[in-house]
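Enquirer: So the protein lines, in turn, are chains P, A, D and U. End of the first sequence sits at 254 in the working numbering; the numbers just go up one at a time, nothing left out. End of the second sequence sits at 254 in the working numbering; the numbers just go up one at a time, nothing left out. End of the third sequence sits at 323 in the working numbering; the numbers just go up one at a time, nothing left out. End of the fourth sequence sits at 323 in the working numbering; the numbers just go up one at a time, nothing left out.
Hints were generated in silico from the structure; no laboratory data involved. None of the values given here were measured: they were computed from a predicted structure. Each residue gets a CB set at the ideal place from its N, CA and C atoms; glycine is no exception.
Under the rule of at most 25 Å between Cα atoms (straight-line distance), these lysine-lysine pairs were calculated in the DSS-like manner:
1. P/74 to U/315
2. D/45 to D/219
3. U/236 to D/236
4. A/150 to D/282
5. P/74 to D/30
6. D/219 to U/177
7. D/45 to D/299
8. P/121 to P/155
9. D/127 to A/116
One side of the interface only, derived from the structure: several residues of chain U facing chain D at Cβ under 7 Å:
10. 148
11. 151
12. 172
13. 206
Each chain, letter by letter, is given below.
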Amino acid sequence: MTEYNETEFLICVASRLMENRTVAFVGTGIPMLAASLAKKMHATELIVAFEFGGIGASLDKLPLGVGDSRTFHKAVIASGICDAMETAQRGFIEYGFLGGAQIDMYGNLNTTVIGKYWPPKVRLPGSGGANDLGSHCWKTIAIMRQHDVKRFVNKLDFLTTPGYLTGPGSREAAGLPPNTGPFRVVSNLGVMGYDEKSKRMMLLKTNPGVTAEQVVQNTEFEMLVEEKVGTNDPPTAEELKILRNDVDPDKLYI
Amino acid sequence: MTEYNETEFLICVASRLMENRTVAFVGTGIPMLAASLAKKMHATELIVAFEFGGIGASLDKLPLGVGDSRTFHKAVIASGICDAMETAQRGFIEYGFLGGAQIDMYGNLNTTVIGKYWPPKVRLPGSGGANDLGSHCWKTIAIMRQHDVKRFVNKLDFLTTPGYLTGPGSREAAGLPPNTGPFRVVSNLGVMGYDEKSKRMMLLKTNPGVTAEQVVQNTEFEMLVEEKVGTNDPPTAEELKILRNDVDPDKLYI
Amino acid sequence: MAVIESGIGELFQKPDVWGFREWVHKHKDKTLTSKLMSEQEAVAKFVADGDYLGTELYGTVRAPMSITREVIRQGKKHLRLVGQGIHEIDLLLAADLVDSLDITYIAWEVYGISSILRRAVESGRVKTADWSNGAITWRFKAAAMGIPFIPTLSMLGTDTLKYSSAKVIECPFTGQKVTLLPALFLDVALIHVHRADKFGNCQIDGISGFAFEMARACKKLIISAEEIVDSEEIRKYPEHTMIPYFLVDAVVHAPYGSHPGEMCYKYWRDEEHLLSFLEESKDVEKTKAYLDKYVYGVKNHDEYIKLVGIDRLKKLESMIGGR
Amino acid sequence: MAVIESGIGELFQKPDVWGFREWVHKHKDKTLTSKLMSEQEAVAKFVADGDYLGTELYGTVRAPMSITREVIRQGKKHLRLVGQGIHEIDLLLAADLVDSLDITYIAWEVYGISSILRRAVESGRVKTADWSNGAITWRFKAAAMGIPFIPTLSMLGTDTLKYSSAKVIECPFTGQKVTLLPALFLDVALIHVHRADKFGNCQIDGISGFAFEMARACKKLIISAEEIVDSEEIRKYPEHTMIPYFLVDAVVHAPYGSHPGEMCYKYWRDEEHLLSFLEESKDVEKTKAYLDKYVYGVKNHDEYIKLVGIDRLKKLESMIGGR
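Excised from the complex, chain P in its bound form (with noise of 0.2 Å):
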């Protein structure tokens, strides 16, 4: 078996969620090289939408940031963040991409301060485009690249994207769009899902080598845990192949 490190199994667990024909939301890092990698793979009519306005690129070569050129190359369009955030709120963008400082049981996400709001402990860098995918993308899968129990803990210090708020009901209660929220978390631990009665996360895999417990052990929240939790598998030859040759070939995350 192939040698591969943490960061390129995340890229792959977080690639094979994303589904051909959809249209995807990313933002820069981990779900970038996911998507890139996907349209390569399984997903090559994969639309990747970048919050600055680029819809559709090719992704024939890495971007380094949401809006430069790579985001929006030999794309069907290149609008700006109206257009973008637009085609979101109004039902079109199936899956978006989230990450976090801090991750609650109902898929509520802090990117915005650690501490009190003001002045923080911890100024993080704010919701960005965050908030509106959480809002309005019709399937959310947050990356998490540690996962232990200050990541996923039982009260965020603030919550900038909505998951599940505080519960069933709570999202469609808060005015959000019927029929949304988060699907998936990936961590370095494993996939969790949600309980669909009680929109509570809930473990579906771990990684190799990786046990429940080990992942109920590092969240602060109680996760809950499939009956038959599987493995993910990993990395493919082919996968590692054509994500060291092709997907980020200047080694510029991996």
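Could you slot chains A, D and U onto chain P? The hints should help.
Expert: Leaving out everything else, chains A, D and U in the frame of chain P:
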């Protein structure tokens, strides 16, 4: 003195009202000819805006409609209705040219129906951009080709486009922008303005051979008359030459 | 922040944001397959009786005339319409396919009032609600943004507001009065463009009217295009894409598709044809004769072109101005 | 239709629609005269202490870096800022010229958090109000439309709304909850474009970010342009004009004006420069040294270009992708 017809006179009078280095929102017909003439006479830097998105066209050739290619030939921008209307709404357009089947003493206009709303006795075109121009341009100028008691009326059958509504303060009370409203009315009998205090229409100048009394008699509402009513100068030889040779050489309108 | 005034006009299409979202989620196909089809197929597939239909731009300017004629040939009934228009709306009204109109302006500019509109509305056959031109376009914009309403300072204090279904509220930030316009989501939109690829990525030259907004405000979108070009060509200048393919349901190749209207940089309007129609339209029988000749009397747009005559069309091409 | 919720964030700039209208009516000059001037003159004339300032697009992408550096050189103080940004906002914050921030995202994407932002906000020196990226842009859009607020369905149910100054109401048409965003009228905006004529008619290649909206939402607008071209060239393709001249107050010729960021189809981002700044920005003294060298240490953008070195810039040109 050169011979001229009534349309030519109206065009010249309207043209003289166009101020250089301002933006004037115009429709087809007399306002467009007047704008074209003004650009070739005293107002070479007049910016002419058309509601479908052409702003600042050269007007070398006379457009046949507010959206045809001549409305954006060598223009500074060819955008769309939203941009054009929003440019007016946020205060960038000095003059708006209007017309109508009926006008009242506060300069309100009807271009919607004669008779009751539905089904009407006569269905007119509707507001088009007129209501927007009447709401947002700093000053509006109405062109009324035929000055008679059926057109200068006590009460409109339908108030399509706001003038001074019911008098002083009523535009502001309705929520329309402060310091905006009707400025002039150009008819086949003369030029009217508005009394500053009462906001009522007032005769300023008659056309050659027309008396103030005639204007009053051809107006259903009580027309105010300025103390010293002036006379509109007839078209000059130069105006007529440019109008006939350069503005409308194909005799589309005149 | 109470509602101060409510227009009494009928809301012919409700601003159903969630319904629109669900619909596009379920129906909009993101597959990169050719959507090229005949106008017959496009209209048969994507226009239904009772639909709320919109056309862009404006009768004599980049209007989807060939598709409009096909809608009439197929006799799609009980349409609700939004106009803004001249020739295209006149034809639909003359063919008696329209139940109601959100109207801002239907007339022939300097040539005056539409006789066909007069007959349709004055007889009580067609219901109307009135709006300003800005208001109609902002209603599309609200729908394109995916929000249920949008504010404007137009229409305040007038009967145009009273006979619309807009509302007036007090702004919670400034206290000023503001008109709220309900979003206008169309069932189907027809847009004629300069060029498209087979997937539906579209470019438009010159003014864009309300193509950007309408393309994003409709459930079903039929594009007719003067030219079908390689996808690579379109993708080379993605900033010039007005409509990306995933908004589009059908792409119809329709050279001279705007005739008798103009198409900027391509061909000038057919003034003779338009003026003759305008004259005929004053008379019911002559209007029917026009429809018989130019709409029902031809099988499709190809036959229409032949009927009009290629010499005449070439002449119109020679009359259009350059850049 | 009561206000259901009101964000507790400070409204750093009130949505004064009438004030904006009066201002542009009085000050916007429609004369066709050259607005070409040096960055010194542009900033001295059109940026004032205490101004609410906006920059477009985004730190590493088509950002008005040369004008931003001039704002710092001239020490314009007590600025209120809207970011969205990376390098340009970092520099303004590091120079201690900023009192408050409407913030959506300030960070270095994959390279992580901004140390300068952290120091500025965690110390309590700079006040913040938080918004989503869409929300900030729609606030510009509302201002560009000339309306006091605009609805969105973003931010509902979150602290992002709570710490903004948005409000939640019930839609009078559908009954659904809707966020209302106050329009954001800027005092001054800086926008870097690919080409402009001397009057200020501008074209942008590639994505337009929020240039369209911001150019229409500001009282004063400084344009920097990679290239100054003939007005006839711009007017040949009026559909490609993003910003017409009557919105513009100053046009500054600034080749490589976005350095160390990229300019699509012109030059690639200077990754080495950016990464080195990112490292230096972690330390207060090193940040000062950077400012001393690249901002205070040069008289103008010409000198900056010489300092960076034309060979390096030519190399960045060779690295940018084509169409």
